[in-house]
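4 protein chains.
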Amino acid sequence: MPLSASFVLRVPYGATDQMGVVYYANYLNWFEMGRTEFCRKYGMPYVNWEEKGVFMPVVEVRCRYKHPARYDDLIRIDTYLKEVKPYSLSFEFKVYRDSDDMFLAEGFTKHGFCDKRGKLLKKPKPFYDKLICLLQQ
Amino acid sequence: MPLSASFVLRVPYGATDQMGVVYYANYLNWFEMGRTEFCRKYGMPYVNWEEKGVFMPVVEVRCRYKHPARYDDLIRIDTYLKEVKPYSLSFEFKVYRDSDDMFLAEGFTKHGFCDKRGKLLKKPKPFYDKLICLLQQ
Amino acid sequence: MPLSASFVLRVPYGATDQMGVVYYANYLNWFEMGRTEFCRKYGMPYVNWEEKGVFMPVVEVRCRYKHPARYDDLIRIDTYLKEVKPYSLSFEFKVYRDSDDMFLAEGFTKHGFCDKRGKLLKKPKPFYDKLICLLQQ
Amino acid sequence: MPLSASFVLRVPYGATDQMGVVYYANYLNWFEMGRTEFCRKYGMPYVNWEEKGVFMPVVEVRCRYKHPARYDDLIRIDTYLKEVKPYSLSFEFKVYRDSDDMFLAEGFTKHGFCDKRGKLLKKPKPFYDKLICLLQQ
Numbered sequence: 006m007p008l009s010a011s012f013v014l015r016v017p018y019g020a021t022d023q024m025g026v027v028y029y030a031n032y033l034n035w036f037e038m039g040r041t042e043f044c045r046k047y048g049m050p051y052v053n054w055e056e057k058g059v060f061m062p063v064v065e066v067r068c069r070y071k072h073p074a075r076y077d078d079l080i081r082i083d084t085y086l087k088e089v090k091p092y093s094l095s096f097e098f099k100v101y102r103d104s105d106d107m108f109l110a111e112g113f114t115k116h117g118f119c120d121k122r123g124k125l126l127k128k129p130k131p132f133y134d135k136l137i138c139l140l141q142q
Numbered sequence: 006m007p008l009s010a011s012f013v014l015r016v017p018y019g020a021t022d023q024m025g026v027v028y029y030a031n032y033l034n035w036f037e038m039g040r041t042e043f044c045r046k047y048g049m050p051y052v053n054w055e056e057k058g059v060f061m062p063v064v065e066v067r068c069r070y071k072h073p074a075r076y077d078d079l080i081r082i083d084t085y086l087k088e089v090k091p092y093s094l095s096f097e098f099k100v101y102r103d104s105d106d107m108f109l110a111e112g113f114t115k116h117g118f119c120d121k122r123g124k125l126l127k128k129p130k131p132f133y134d135k136l137i138c139l140l141q142q
Numbered sequence: 006m007p008l009s010a011s012f013v014l015r016v017p018y019g020a021t022d023q024m025g026v027v028y029y030a031n032y033l034n035w036f037e038m039g040r041t042e043f044c045r046k047y048g049m050p051y052v053n054w055e056e057k058g059v060f061m062p063v064v065e066v067r068c069r070y071k072h073p074a075r076y077d078d079l080i081r082i083d084t085y086l087k088e089v090k091p092y093s094l095s096f097e098f099k100v101y102r103d104s105d106d107m108f109l110a111e112g113f114t115k116h117g118f119c120d121k122r123g124k125l126l127k128k129p130k131p132f133y134d135k136l137i138c139l140l141q142q
Numbered sequence: 006m007p008l009s010a011s012f013v014l015r016v017p018y019g020a021t022d023q024m025g026v027v028y029y030a031n032y033l034n035w036f037e038m039g040r041t042e043f044c045r046k047y048g049m050p051y052v053n054w055e056e057k058g059v060f061m062p063v064v065e066v067r068c069r070y071k072h073p074a075r076y077d078d079l080i081r082i083d084t085y086l087k088e089v090k091p092y093s094l095s096f097e098f099k100v101y102r103d104s105d106d107m108f109l110a111e112g113f114t115k116h117g118f119c120d121k122r123g124k125l126l127k128k129p130k131p132f133y134d135k136l137i138c139l140l141q142q
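Chains as they are written, first to last, in our numbering: chain A, 6 to 142; chain B, 6 to 142; chain C, 6 to 142; chain D, 6 to 142.
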């Protein structure tokens, strides 16, 4: 079973638009909260990455929206580590309305391992080895 | 040649993050500005859609990030009408740094035709017919 | 002692800017989360307001920034009900870094009581009476 | 007559909320666009400030909302240089709906002169002298 981490948030008013539902770009912010939670849960908070000079810019994102989220809904983002490669890693996300487990959206992000200037890093230590271990659990 | 519309904006400070480049969710806001410009250019401003009870919620989005955008860059979003189906339409986007035409990102959004409550609408008039005409030009 | 409610959140990456700290507009989103929590805590969730046709648009905001918030900080927003008038109410906010109670910012928002079209409402029931009771506790 | 600069933008969909009008935090993003335009117009683009190690974090903001802005409105932000002090400067803003000059909001921001680490700078060259000259025009 793939490793995952859950993050719960309450939809703020500012995330809605005049359609009365959450504006689509906000899900990407939620994916990022999910990734942050994943990294923390498995002992490598993303703040440590940047402190050690390893950055994780997004190179690709996808999202499918199934059912709208609304103001004041409790939302749960389940984040899965999908793949680790020498120069990149990718996550998958599933977004649920927490009250009734209604499936709202699913997404994917792929990230490069980079230094502060955006230059690719190969298998950055110690994070790469740790991620490989996690995948093998 | 597919129909397209261009929209230019200057990257605001608030769109950057601590990596010193534009945060990835902002591109989805730019895609929306591109769609708005496309609809206006071809004689059917999106405000008119909603006035007539036709809404266009996003059901899918994809974006590939090639090169970062930075604060104060002039950015050009080229929006293309990709496909029109009875219940949906889709757009493609290409994002450039306007000063030197550096290719920054490309994206895709798919939208359902819906009423205010989110129920699917089939070939909503007069927009569907107009879109089909545009595609045949 | 004035009534208050606390709300804690973790600073997301997207809230930072290239100065490496939280972009100033995000505090207004946090104030709103604080107000939402206040209303819920005292038995009148803001979703109920809108369901009953009472809206609370912001007519004034102020914020003083004392110390920057950073990515991954746990932030606590303390929200105080400041004043209730026939046509308006106002809140005060204090923002702290939760780990060491460092005082980060303080703010104020004033809101009109309005109907859906933005027309002012006088002492909207049942919320106005409830707010007055709260203030007298 | 005080120096000013105007900036025009079209309200994006993502700036609205479920009240059907622009969410209040967006005005702070617009103020920043106004400041950027002001600095550029008077020959000292803010990108140059940061290149020379001078940062301008916001220490105070105020906004009064008079009339709502809506999706697709053309908005004009007039930015005025209000005051320059050894360690700070402040701006005022007036926001109009461009089509009919309807007055929508007015605001104020105060900024410290700081280095990259947030330490106050006194009369940072060459910007401070230039600002003083501008005020005396």
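There's no promise every hint is true.
The list makes no distinction among identical chains, and a pair is therefore deemed to hold if it is satisfied within one copy or across any two copies.
The list that follows gives simulated cross-link-like pairs (lysine-lysine, DSSO-like), each with its CA atoms no further than 27 Å apart [claimed, not checked]:
1) K130 / K71
2) K99 / K57
3) K121 / K57
4) K87 / K115
5) K128 / K71
Just so you know, the hints here were simulated from the structure itself, not pulled from any lab data. Given the structure is predicted, the values throughout are model-derived calculations rather than measurements.
Tested hints:
no. : hint       : verdict
1   : K130 / K71 : between (38 Å within a copy, 25 Å between copies)
2   : K99 / K57  : neither (30 Å within a copy, 33 Å between copies)
3   : K121 / K57 : both (10 Å within a copy, 20 Å between copies)
4   : K87 / K115 : both (9 Å within a copy, 25 Å between copies)
5   : K128 / K71 : between (36 Å within a copy, 21 Å between copies)
Hint violations for this structure: number 2 only, all remaining hints satisfied.
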